[in-house]
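Asker: Spelled out, the chains give:
Protein chains: 2
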Amino acid sequence: MTDLVALTAELVDIPSVSRNEAAITAWIEGELSVVPGLELTRIGDNLVARTNLGRAQRILLAGHTDTVPVNDNAQARLDGSRLYGLGTTDMKSGIAVMLEAARTITEPAVDVTYVFYAREEIAASESGLLELLDARPDLLHADVALLGEPTDGVLEAGCQGTMRLRLELFGERAHTARPWMGRNAIHRLAGLLEALATYEARTPEIQGCAYREALQAVRVEGGVAANVVPDQVEVVLNHRFAPDRSIAQAEAHVRDVVTPWLEDGDTIEVVDVAGGAPPSLDHPLLQALVHRNDLEVRAKLGWTDVARFAAAGIPAANFGPGDATIAHTAGEYVERDALERVWVAVDDLLRNGC
Amino acid sequence: MTDLVALTAELVDIPSVSRNEAAITAWIEGELSVVPGLELTRIGDNLVARTNLGRAQRILLAGHTDTVPVNDNAQARLDGSRLYGLGTTDMKSGIAVMLEAARTITEPAVDVTYVFYAREEIAASESGLLELLDARPDLLHADVALLGEPTDGVLEAGCQGTMRLRLELFGERAHTARPWMGRNAIHRLAGLLEALATYEARTPEIQGCAYREALQAVRVEGGVAANVVPDQVEVVLNHRFAPDRSIAQAEAHVRDVVTPWLEDGDTIEVVDVAGGAPPSLDHPLLQALVHRNDLEVRAKLGWTDVARFAAAGIPAANFGPGDATIAHTAGEYVERDALERVWVAVDDLLRNGC
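Heads up: the protein sequence lines correspond to chains A and B, in order.
In this text, residue positions in the first sequence follow this note's numbering: the first is 10, and each later residue adds one.
In this text, residue positions in the second sequence follow this note's numbering: the first is 10, and each later residue adds one.
Okay, chain A solo, but in the shape it has when bound (with noise of 0.2 Å):
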């Protein structure tokens, strides 16, 4: 069979910073369209391949193209069982495994929807996986969806939602000289952050998977100059909620913690937010993926696209070779023993169904 680091280091030297997916999503394209079988569809720079064999099930393999910006590791370069270089972890070996499955299990046991889509790695509302939902959500439809995001092999079940707010305190401005005529904004956040230091998170079970949530401050502005007593000050938060919980009831618990350091005139708005994905680790695809393989399960803390498959009616979950830890770094890797244990999984997944 193909090298997997091989294939790889082939689609890591193919340049493919997020906007700039043309040349590799047109060289899988090259690739797949002599697999027979392979219904190819190309929207914008996303490709999505389909069989129709007409299996009763179908599972989807998703991953990004693109990467974060170069940054002195544009080249991929093997060192004994680590392949380094731009993307290595997150996400070409996922890539790899996907576009090597497209072209070599042409029977599979459930029919397959391989989605290689753009714009993973900036502004969601830039996202290709949205662009495709937009455009024809009949493509996407499957019984399951696995996310070849970084999770060295692990099955990390569903995902957390993500919720950013931002608050604004006042007060009233001054010479510093006398400050007494005034009030300093940024002393006022003094409650707040200790509340947030101390902050005790919920750790929900479900599914056997435990979604520990987190709150904190991700940014704190505020001054006018040298000698004025602050009016204002900026602070923005970043709540990660278990999927147990709604948009709205995050929202409502982020409003708890916060409001007994808010005044009349303070504001809280939600800047953006995602809800999570539940784990689904009960559904057969899910579970023959698990038992056969005997894989490590956890929860999925940060958000990924599975809460966008999960949105759409489509249990998913994140299985792929990368090291989320060591994403977007200079010197991320990928070890040849997780590229091929996650390969022999989905080979073995596609190949056998429940």
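Some hints here could point you the wrong way.
The calculated label-pair distances, taken between Cβ atoms and stated as ranges, are [stated by the list, open to error]:
hint, chain 1, residue 1, chain 2, residue 2, range
1, B, R264, A, A339, 33 to 43 Å
2, A, E177, B, H300, 27 to 37 Å
3, A, A210, B, N29, 51 to 61 Å
4, A, P269, B, V266, 34 to 44 Å
5, A, A321, B, R264, 53 to 63 Å
6, A, V26, B, A339, 45 to 55 Å
7, B, R187, A, A65, 30 to 40 Å
8, A, G322, B, A339, 42 to 52 Å
9, B, R91, A, P78, 31 to 41 Å
Coverage of chain B stretches by chain A, computed from C-beta distances (three or more under 8 Å per stretch; other residues unrestricted) [said to hold, decoys possible]:
hint, stretch
10, 55-66
11, 144-152
12, 233-247
In short, the hints are calculated from the structure, not lab data.
It should be emphasised that the depicted structure is a prediction, and the values quoted were computed from it without experimental measurement.
The C-beta atom is built at its ideal place from N, Cα and C for all residues, glycine as well.
Fit chain B to the supplied structure of chain A, relying on the hints for placement.
Answerer: Same frame as chain A, now just chain B:
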């Protein structure tokens, strides 16, 4: 005698935003060049006018000729007893008093030095007064100095020092979905801000003047990205300290207050500092000014150029017709009554000395 409100209006109508003082300085120089017995020295856009009558004492009157930028108030406009316009309060009304004294009091009981200087409203490093003190310190020798900054006819004694300090607190980056892998630097501010919010300032009384101190945050900034636990936050503090403390003592005090909230690796540095000036109310000339005119006396809480005179060994106080609380506002004005009260006191002091 001259209508001082009209003279102030004439000065207001000569634009002199900082670094553009050439025209107003030339105009003042023209006015004084015809006064017998005045020795004029122009250095850059600064002008020094001195009597040399061999009197036992010398009083220095100083004022800056520049203004903050135009704010739709470039032209003087009289409305009843109020003169509106840029610089009416800060401090062309004070300049009018100096100019009128220099033009009309040709036989003062004390020698007089009039100092018209440039660029007070911008960075201290550009100060015309510093330029003079560097170039010709001999020209500024005097027994006492009065600075015509706006005090609404009150004698504001000495001034407080001011110090700006920059603190950096550090943490450790992590993904916001796994904040326990890092440490939130913004959250670490909670204790420091609480200490500042509940700070109990000293109010030492010196020669009957209460110097109420202050310590506060004037700027805060931190944050990396919406999904990153912030590893750094910066806070800028402003400390106003009474003239019974040296710069070193004031810095030691701030360090005492903030150190409990700092850890190894955090930083604190003094960004800029200017010492205060003691009240010097026991000087016979200041005593005469206060008692013969029944002046209200209070501590100057803001920092002014009296500190430069104090540093040069010259007792100094603030005394001008403008109202500091409306300085730098679009609607600044000066009242005829305040202008004439200050004039009467200055006229008396120069004609009669102690």
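Asker: If any of the earlier hints don't hold here, list their numbers in rising order.
Answerer: Violated: hints 2, 4, 8, 9, 10, 11.
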